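When you get a sec, could you build the whole thing from the sequences and use the hints?
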Amino acid sequence: EAGVVQSPRYKIIEKKQPVAFWCNPISGHNTLYWYRQNLGQGPELLIRYENEEAVDDSQLPKDRFSAERLKGVDSTLKIQPAELGDSAVYLCASSPRGTGNTEAFFGQGTRLTVV
Amino acid sequence: AQSVTQLGSHVSVSEGALVLLRCNYSSSVPPYLFWYVQYPNQGLQLLLKYTSAATLVKGINGFEAEFKKSETSFHLTKPSAHMSDAAEYFCAVSGTGANNLFFGTGTRLTVIP
Chain L
1 EAGVVQSPRY
11 KIIEKKQPVA
21 FWCNPISGHN
31 TLYWYRQNLG
41 QGPELLIRYE
51 NEEAVDDSQL
61 PKDRFSAERL
71 KGVDSTLKIQ
81 PAELGDSAVY
91 LCASSPRGTG
101 NTEAFFGQGT
111 RLTVV
Chain E
1 AQSVTQLGSH
11 VSVSEGALVL
21 LRCNYSSSVP
31 PYLFWYVQYP
41 NQGLQLLLKY
51 TSAATLVKGI
61 NGFEAEFKKS
71 ETSFHLTKPS
81 AHMSDAAEYF
91 CAVSGTGANN
101 LFFGTGTRLT
111 VIP
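Chains as they are written, first to last, in my numbering: chain L, 1 to 115; chain E, 1 to 113.
If you are wondering where the hints come from, they were derived from the structure by calculation, not from laboratory data. Because the structure is a prediction, the values reported are computed rather than measured. Do not rely on the hints blindly, as some may be mistaken.
Claimed, not checked - Now the in silico label distances, taken between C-beta atoms and shown as ranges:
1. A54/E x R9/L: 29 to 39 Å
2. A54/L x S70/E: 36 to 46 Å
3. S7/L x S14/E: 34 to 44 Å
4. E50/L x T105/E: 22 to 32 Å
Quick reminder that beta carbons are idealized off the backbone N, C-alpha and C, glycines included.
This is the structure we're talking about:
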């Protein structure tokens, strides 16, 4: 069974430029998460989807970040415009349902460097 | 509200020695607790999880953790460290009716030959 797939693995952009990350969750998983992991820190939740509905986006900086999950499968996370402080690893995860006692499966992440 | 605290951002052990990584949690609901491992440039992989069944949980690669409610702890142990155990370890908490996973800041384990 294929795991969570993210692309690209690495991205280097200049500040003020836009950037987008893509995630394909495990087939059949209704719940999809986007996390941001700063250097030396644990992952922090940005947004959680149940199917195509964003049910928790309280930590998403909405002035520059946006996300979508069309048809409740793939998801895209966008930053426009990017700032130096956005440099981090962006992790996508999925689970059959909201975490509770169900583990989340993580992709390899996209490492973003803003210069 | 839920959170975890990992004591010690860096732990070094000799190969063959006991591994002990500490995690304390805070949760307003009965917690579910997880340990994840992250190898360089990789995503997170689940080592083990506690979901209110047995308090001593066995995971992959010889790791285990014990849930102690009285101490609000969920420490990760392994009797004998291998070089391949060198990685970053994250403790995380969720809970009954809670659908988000909250991570600690991680502990980097170094294994000395």
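I'd like to know which numbered hints this structure contradicts. Please list them from smallest to largest.
none
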